[in-house]
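Asker: Use these hints to put chain B onto chain A, whose structure you have.
Next come the chains, spelled out residue by residue.
Number of protein chains: 2
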Amino acid sequence: MADKRKAREVEDDDDIPGTSAEGPKQQAKAALAFKKKLKPDVKILASVTKFCQAAKDTEPETRTLADLNLANSCKEVVDLNTGSVVFEIEKSILAIAKSILSGNGFGYLVPSRSSANQLYVPELDRIVLKDKASFRQFANISSVRKTAITTRILQLVHQLCTKQIHVTKRDLFYTDVKLFQEQGQSDTILDDVSCMLGCTRSSLNVVASEKGVVVGRLVFVEDGDRIDCTKMGVGGKAIPPNIDKVQSMESDALFILLVEKDAAFMRLAEDRFYNRFPCVIITAKGQPDVATRLFLRKMKTDLKLPVLGLVDSDPYGLKILSVYMSGSKNMSYDSSNLTTPDIKWLGVRPSDLDKYKIPEQCRLPMSDQDIKTGKDLLNEDFIKKDKNWVKELELMVKTKEKAEIQALSSFGFQYLSEVYLPLKLQQEDWI
Amino acid sequence: MADKRKAREVEDDDDIPGTSAEGPKQQAKAALAFKKKLKPDVKILASVTKFCQAAKDTEPETRTLADLNLANSCKEVVDLNTGSVVFEIEKSILAIAKSILSGNGFGYLVPSRSSANQLYVPELDRIVLKDKASFRQFANISSVRKTAITTRILQLVHQLCTKQIHVTKRDLFYTDVKLFQEQGQSDTILDDVSCMLGCTRSSLNVVASEKGVVVGRLVFVEDGDRIDCTKMGVGGKAIPPNIDKVQSMESDALFILLVEKDAAFMRLAEDRFYNRFPCVIITAKGQPDVATRLFLRKMKTDLKLPVLGLVDSDPYGLKILSVYMSGSKNMSYDSSNLTTPDIKWLGVRPSDLDKYKIPEQCRLPMSDQDIKTGKDLLNEDFIKKDKNWVKELELMVKTKEKAEIQALSSFGFQYLSEVYLPLKLQQEDWI
Numbered sequence: 001m002a003d004k005r006k007a008r009e010v011e012d013d014d015d016i017p018g019t020s021a022e023g024p025k026q027q028a029k030a031a032l033a034f035k036k037k038l039k040p041d042v043k044i045l046a047s048v049t050k051f052c053q054a055a056k057d058t059e060p061e062t063r064t065l066a067d068l069n070l071a072n073s074c075k076e077v078v079d080l081n082t083g084s085v086v087f088e089i090e091k092s093i094l095a096i097a098k099s100i101l102s103g104n105g106f107g108y109l110v111p112s113r114s115s116a117n118q119l120y121v122p123e124l125d126r127i128v129l130k131d132k133a134s135f136r137q138f139a140n141i142s143s144v145r146k147t148a149i150t151t152r153i154l155q156l157v158h159q160l161c162t163k164q165i166h167v168t169k170r171d172l173f174y175t176d177v178k179l180f181q182e183q184g185q186s187d188t189i190l191d192d193v194s195c196m197l198g199c200t201r202s203s204l205n206v207v208a209s210e211k212g213v214v215v216g217r218l219v220f221v222e223d224g225d226r227i228d229c230t231k232m233g234v235g236g237k238a239i240p241p242n243i244d245k246v247q248s249m250e251s252d253a254l255f256i257l258l259v260e261k262d263a264a265f266m267r268l269a270e271d272r273f274y275n276r277f278p279c280v281i282i283t284a285k286g287q288p289d290v291a292t293r294l295f296l297r298k299m300k301t302d303l304k305l306p307v308l309g310l311v312d313s314d315p316y317g318l319k320i321l322s323v324y325m326s327g328s329k330n331m332s333y334d335s336s337n338l339t340t341p342d343i344k345w346l347g348v349r350p351s352d353l354d355k356y357k358i359p360e361q362c363r364l365p366m367s368d369q370d371i372k373t374g375k376d377l378l379n380e381d382f383i384k385k386d387k388n389w390v391k392e393l394e395l396m397v398k399t400k401e402k403a404e405i406q407a408l409s410s411f412g413f414q415y416l417s418e419v420y421l422p423l424k425l426q427q428e429d430w431i
Numbered sequence: 001m002a003d004k005r006k007a008r009e010v011e012d013d014d015d016i017p018g019t020s021a022e023g024p025k026q027q028a029k030a031a032l033a034f035k036k037k038l039k040p041d042v043k044i045l046a047s048v049t050k051f052c053q054a055a056k057d058t059e060p061e062t063r064t065l066a067d068l069n070l071a072n073s074c075k076e077v078v079d080l081n082t083g084s085v086v087f088e089i090e091k092s093i094l095a096i097a098k099s100i101l102s103g104n105g106f107g108y109l110v111p112s113r114s115s116a117n118q119l120y121v122p123e124l125d126r127i128v129l130k131d132k133a134s135f136r137q138f139a140n141i142s143s144v145r146k147t148a149i150t151t152r153i154l155q156l157v158h159q160l161c162t163k164q165i166h167v168t169k170r171d172l173f174y175t176d177v178k179l180f181q182e183q184g185q186s187d188t189i190l191d192d193v194s195c196m197l198g199c200t201r202s203s204l205n206v207v208a209s210e211k212g213v214v215v216g217r218l219v220f221v222e223d224g225d226r227i228d229c230t231k232m233g234v235g236g237k238a239i240p241p242n243i244d245k246v247q248s249m250e251s252d253a254l255f256i257l258l259v260e261k262d263a264a265f266m267r268l269a270e271d272r273f274y275n276r277f278p279c280v281i282i283t284a285k286g287q288p289d290v291a292t293r294l295f296l297r298k299m300k301t302d303l304k305l306p307v308l309g310l311v312d313s314d315p316y317g318l319k320i321l322s323v324y325m326s327g328s329k330n331m332s333y334d335s336s337n338l339t340t341p342d343i344k345w346l347g348v349r350p351s352d353l354d355k356y357k358i359p360e361q362c363r364l365p366m367s368d369q370d371i372k373t374g375k376d377l378l379n380e381d382f383i384k385k386d387k388n389w390v391k392e393l394e395l396m397v398k399t400k401e402k403a404e405i406q407a408l409s410s411f412g413f414q415y416l417s418e419v420y421l422p423l424k425l426q427q428e429d430w431i
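As given, the protein sequences belong to chains A and B, one line each in that order. Just so we're aligned: 56 in UniProt numbering is position 56 of the first sequence, and the numbers increase by one with no gaps anywhere. Just so we're aligned: 238 in UniProt numbering is position 238 of the second sequence, and the numbers increase by one with no gaps anywhere.
Hint data in this document are derived by calculation from the structure and do not stem from the laboratory. Certain hints may be false.
Copies of the same chain are indistinguishable here, so a pair counts whether it falls within one copy or spans any two.
[Unchecked claim] No more than 20 Å apart at the CA atoms, straight line, and that leaves these computed lysine to any residue pairs for SDA-like:
(1) K35 / K163
(2) K231 / E250
(3) K231 / S248
(4) K146 / S92
(5) K178 / Q27
(6) K43 / D228
(7) K245 / D228
Chain A on its own, in the form it takes in the complex (with noise of 0.2 Å):
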């Protein structure tokens, strides 16, 4: 009998795993005075709705460098399809013959992608590249070398938009071993073309490896094939590393929940979270690849939904949104193409520490690198801009503590998609 009773007591004690330190009964109490607070879907749904018709309509027009007067100073590469990339390489060929003839000798214009030539434009919140460039001669013992393998790189792009397959840069790299000697050389150059030709890296042809999942109230058609993301099971579907065989986005979701790292995802995909708030659920587990940020970015523009960005209550979590929002460096000649600006932070945001009861021992102390990263973090224009966002980061700082999403799993394994998600999209509770 006292087995039974046992037994039983491990089943109704269910949906709160407490922690011995506070007492399961204080942490029991805070779940359910969080869950108490929910109003039924109906009307959480309505007033997101409201919130996303808005979005939608204020949504604002993309501008270009145009718009602001700076298309002569900066550059910024666009989408071309391979019969544009290929009259763009045999232009190019048919310019230095030109040059050579008229005895300008054999070279190529090549933007300058360093930091220097690098520009942060609030207006498009996204860096750019300026106007200096170098000139890179044949006929040069100090560039002689790098003009050789860019003449190589043009004629293998060549070959891939005339064929329209897609190759990694190792694939790239590989092809001619002795002449790149290593995959950094041929890479670098890679982005050079990129920017010479004005054009992304994907409409290069090479592509990264994919790592990103997407599930949820999304259908597509990647290479001909229709796929609907309601009918991936629990793992999602894939996000593929070439994103021009994706097309005809369609969708009824509200918004697009953007997840830090896979066991959220997991949770929220299992859960079918999609089914209650209509929604796409994305993840690239951890940093975000090129893959996953153009598929984003191609949603967000296709679809024109929101997007709420779910992140550990970290540094690191903001670095990640501002990959997504602003680009990164080293692809910053990309970035109109790779960025996705005005993603909210809805969360695991150090407020919601306080404010959702976080026990105390699923905080953990920030190590002085954090803190360094977070009061660097406060210098970024990402964060600047919104004094809200400069707010929380700076609570972050100030009382040391981390936390990651699955923190929230301390109230029970399903808190997050049945009390902590639902109660933010009622109290509309992003920046």
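Answerer: Showing chain B alone in chain A's frame:
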């Protein structure tokens, strides 16, 4: 005119991105020679079909420890459904209550997972646990903490199985940080609990994060959704973290192609290799994760298809094959559920480097560490059991040369899918 000729030359050069060293001409000749060896697809298919049918017919019966009279001296865990796990947990808690009431105290009998308690069984080609176990007592200062953690983990797993939800190890850790202190502690005891209950870790509904992708002639049901892997574009389907949600696998494939890296996977997916030679293509993108290993095993068991492995020609590539085949040491207790014995080593094999005339500059010198790893592998059972494998590995260690799958790109970006693999299939060139 001269310019036009130049452009044309590039196009004609199409298939042969030769290198400057050995001269594009020699390389083109080599590539062409191999291409000429190819018979029509229908002939290749006929012989492969014959082989695959034979492999299916001679599929060895799955042997168990009982067949080898080892059931008493060795321990192997099995897949249990959630109901059985709940029952096993309740049974062990009842046993403890009884032990306490009869004055024998509170404790668990925990199988040892140390390497001294591990045994390689050649007949099964797997590592299993021997019968050593220790009694973990609550009334002992050295084991009181572990006993408490074990009880807590049992309670949490009981919840997971009752609710039929899946979480990651990280989630589990966060439910009681105060008690577990660090994730290593909850992870270790989770493995103990697996052994205690006699079931696999995935039966406990604690899953690892997913990494793998699959594409090709495979249809299965995942959590109620029908997934057709021929209609997954070029990105493929993400392999789900929880194998128990995967059911009803069907396939008209002749074989499974297990690929080490995603660059090769991408090439084959984009070229829709599986339509030319009916197969399922799977990769874990490097080091195999638990989810991919479970998925591969399930495919092999349910569909009875031969598995052909395509890995780099280096010791690391062989290590990866070994993890798929014999398991990794720290999951040895779970090996029968994670391993896929009898994977054929298709390529890239050390002897392929000369046979397929891989250019010198695409071969890399092995580091001292590589050579040491290679020599160590020569002593491993999974190599020693096949003299052809020994011969290949000896060749690698002797020539001190390694090569990646991508080295094949030196003959053209699509050489892998259009010449190398078809020729391998035609010649049934695997060991």
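Asker: All hints, please: hold or fail.
Answerer: Consistency of the hints with the structure:
1. K35 / K163: between (57 Å within a copy, 19 Å between copies)
2. K231 / E250: The answer is both: 14 Å in one copy and 18 Å across copies each meet 20 Å.
3. K231 / S248: both (17 Å within a copy, 16 Å between copies)
4. K146 / S92: Close inside one copy (16 Å), not across copies (70 Å); limit 20 Å.
5. K178 / Q27: Only across copies: K178 and Q27 sit 13 Å apart there, 64 Å inside one copy, limit 20 Å.
6. K43 / D228: neither (27 Å within a copy, 37 Å between copies)
7. K245 / D228: both (15 Å within a copy, 18 Å between copies)
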